[in-house]
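**Q** Protein chains in written order, with this note's numbering: chain A, 1369 to 1750; chain B, 137 to 266.
Be aware that a few hints might be false.
To be verified - Keeping only pairs whose Cα atoms sit at most 25 Å apart, straight-line, the calculated BS3-like set for lysine-lysine is:
| no. | chain 1 | residue 1 | chain 2 | residue 2 |
| --- | --- | --- | --- | --- |
| 1 | B | Lys149 | B | Lys208 |
| 2 | A | Lys1457 | B | Lys148 |
| 3 | B | Lys147 | A | Lys1461 |
| 4 | B | Lys208 | A | Lys1376 |
| 5 | B | Lys149 | A | Lys1461 |
| 6 | A | Lys1457 | A | Lys1617 |
| 7 | A | Lys1477 | B | Lys173 |
| 8 | A | Lys1501 | A | Lys1541 |
| 9 | B | Lys173 | A | Lys1376 |
| 10 | A | Lys1461 | A | Lys1617 |
| 11 | A | Lys1457 | B | Lys173 |
| 12 | A | Lys1617 | A | Lys1501 |
What the hints assert, rightly or not - Per the computed footprint, the stretches of chain B lying under chain A, defined by three or more beta-carbons under 8 Å from a beta-carbon of chain A, are:
| no. | stretch |
| --- | --- |
| 13 | 182–191 |
| 14 | 216–228 |
As the list claims (entries may be wrong) - Estimated spans, in silico, between C-beta atoms of each pair:
| no. | chain 1 | residue 1 | chain 2 | residue 2 | range |
| --- | --- | --- | --- | --- | --- |
| 15 | A | Arg1460 | B | Ser191 | 35 to 41 Å |
| 16 | A | Arg1712 | B | Ser198 | 32 to 38 Å |
| 17 | A | Glu1370 | B | Lys173 | 55 to 61 Å |
| 18 | A | Gly1458 | B | Glu178 | 44 to 50 Å |
Please keep in mind that the hints were generated in silico from the structure rather than gathered at the bench. Where is the CB? At the ideal position from N, CA and C, for every residue including glycine.
Here are the chains, one letter per residue:
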Amino acid sequence: MEIPYYDKERPDTGLYNGKAGIWLFLASEVMLFGALFSAYVLLRVGAEPGTWSMGLMNQWVGAFNTLILIASSATIVMAWVCLKLNDWKGFRKWKWATVVFAFIFLIVKWSYEWPAKFTHYDVTFVTNESAAKVYTDVLGPEFLKTQPTIWQKRFDPLKKDEKNAPASQVKLKDKPLDGHIVGYIDSEGAKHEVGAAWGIPFWSHAFAWRHDRKNIEKERDKSIRYGEDGRPVYKEGHFRDTFRDKDIKAIIFVPAHGTWDHKEKHADSGTVKYAEANHDGGHAHSDGHGYTVTIAREDISRLSSYEPAHSTFFATYYTLTGLHALHVLGGILVMLYHLLPVSRRVYEKNPVQYTNRIEITGLFWHFVDLVWIFLFPILYLL
Amino acid sequence: MSNDHSPEYYKKKFIPLIYLVGSILIVGTIITFAADKMGIAEKWGFINATIFAMSVAVVKASAVMYIFMHLKWDIKLKTISLTLGCTVIFFIGMMWLTVGSEIDSNKPGHEENTWNHVGQPEPETVPTER
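Construct the entire structure; sequences and hints are all you get.
**A** If you want it as structure tokens, here you go:
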């Protein structure tokens, strides 16, 4: 049975049915993203000053992806125009360009942006003294002169109360040091290399390195069974602590380069040791790790990568960008379908029907672009 | 967009519009990015920086909707107009419910005053018996 297709505009709506349908669908999408946007804004303005960790985003990558989506929005319109001009070759050329741009967007997100966050850690400290010890090791004894400004920029440009505060009032233990774990020292003093990803996929890397004293305290009350090898046997939902599991006494940590943007400046005055670390996030020092700092287990209050559980910001960041990425993926699948031979047969049989399909796909794709136009400044800049 | 445009219209009128909108989008992105790198949030304050960034985003979004999504030609149609109108009203309402209801709460950089209801009488104290 063949479903009849009406390409004429209805007198009551002024649209052909497919177009009316996609607009209604897009309206429901506005509701969906609108709810998430409003939730994000509420959390943002209600956050305690200095706790919104958005300064950790790589704005260059975000800007690059924005330009990629803009380009894809223009190319999909060009594809539709080519169909209007009965130019099939031109249509395929612009349509493929759109698909390629869409893939680039997803590749950047899935192979770089998210994995990089899952292997990037924050360390907070148990006491101000233990934090001062590590920061002195990393930045030299004068670190307090520059650090408040860096923390302020990293976490919230609006946090002014600590900008001019005397050093004695800065709560160092709550100021995280960010970087990558490159190894650990066990109870017998042996060093173990773990590499950037420890040989395991990025999504489990973060959870393999969890450590949170508050949760440990909670778990202490519960009975923990130990296996024959002496390792804890974790039940479903049991909090996993790598430090306990692997008997880790200290981690070997490379402070990150991304959020410490004053390092060259202060390196001139000789106060920043880790300026020796290279700039591409790798570890190219002669010992293979650049500048490293060893942080004892008892000094660590919390170790967390930039996973969703890191903070409210990252939870909403992954929700918003993940949902948007799913829309991009859906758009790619539809566009690939339009490039299959079966779609060519539709075009030959009824060019108007096919052209309308491309227009409807384009409307969806422009909506995906619109969402990102607002996501970029909200998540990466403000 | 209506189907009754001539091929000449697409070549001479519509394609230049595509380039124009593309340019607006690129320039808008660069302006927002550059403004952030220049630290407008610190210089102008959070609210002004937000208004600036959202204004640029609205201009970009309007260009996309007006030309790429064909509203220039279709906005007169009541289906789209009503749908968009209802959506915008609903969205603004939702935003107001969440953000507006927190109008007395602490804003970034401000003094915490969530429970400080200015103008309300001091709670009555119960005299203690001697």
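**Q** With reference to the structure, classify each hint as holding or not holding.
**A** Hint-by-hint comparison with the structure:
1. Lys149(B) / Lys208(B): holds, 13 Å
2. Lys1457(A) / Lys148(B): holds, 20 Å
3. Lys147(B) / Lys1461(A): holds, 17 Å
4. Lys208(B) / Lys1376(A): holds, 20 Å
5. Lys149(B) / Lys1461(A): Satisfied, since the Cα-Cα distance of roughly 21 Å is no more than 25 Å.
6. Lys1457(A) / Lys1617(A): Violated. Lys1457(A) to Lys1617(A) sits at ~64 Å, over the 25 Å cutoff.
7. Lys1477(A) / Lys173(B): holds, 22 Å
8. Lys1501(A) / Lys1541(A): Holds, at about 11 Å.
9. Lys173(B) / Lys1376(A): violated, 50 Å
10. Lys1461(A) / Lys1617(A): violated, 58 Å
11. Lys1457(A) / Lys173(B): This hinted pair is violated, its Cα atoms lying about 42 Å apart.
12. Lys1617(A) / Lys1501(A): OK: Lys1617(A) and Lys1501(A) at ~17 Å, within 25 Å.
13. 182–191: holds (count 5)
14. 216–228: holds (count 7)
15. Arg1460(A) / Ser191(B): 35 to 41 Å: Holds: the Cβ-Cβ distance is about 38 Å, inside 35 to 41 Å.
16. Arg1712(A) / Ser198(B): 32 to 38 Å: Holds, at about 35 Å.
17. Glu1370(A) / Lys173(B): 55 to 61 Å: About 57 Å separates the Cβ atoms of Glu1370(A) and Lys173(B), which means 55 to 61 Å holds.
18. Gly1458(A) / Glu178(B): 44 to 50 Å: holds, 48 Å
Going down the numbered hints, you'll see the structure goes against 6, 9, 10 and 11, while the others check out.
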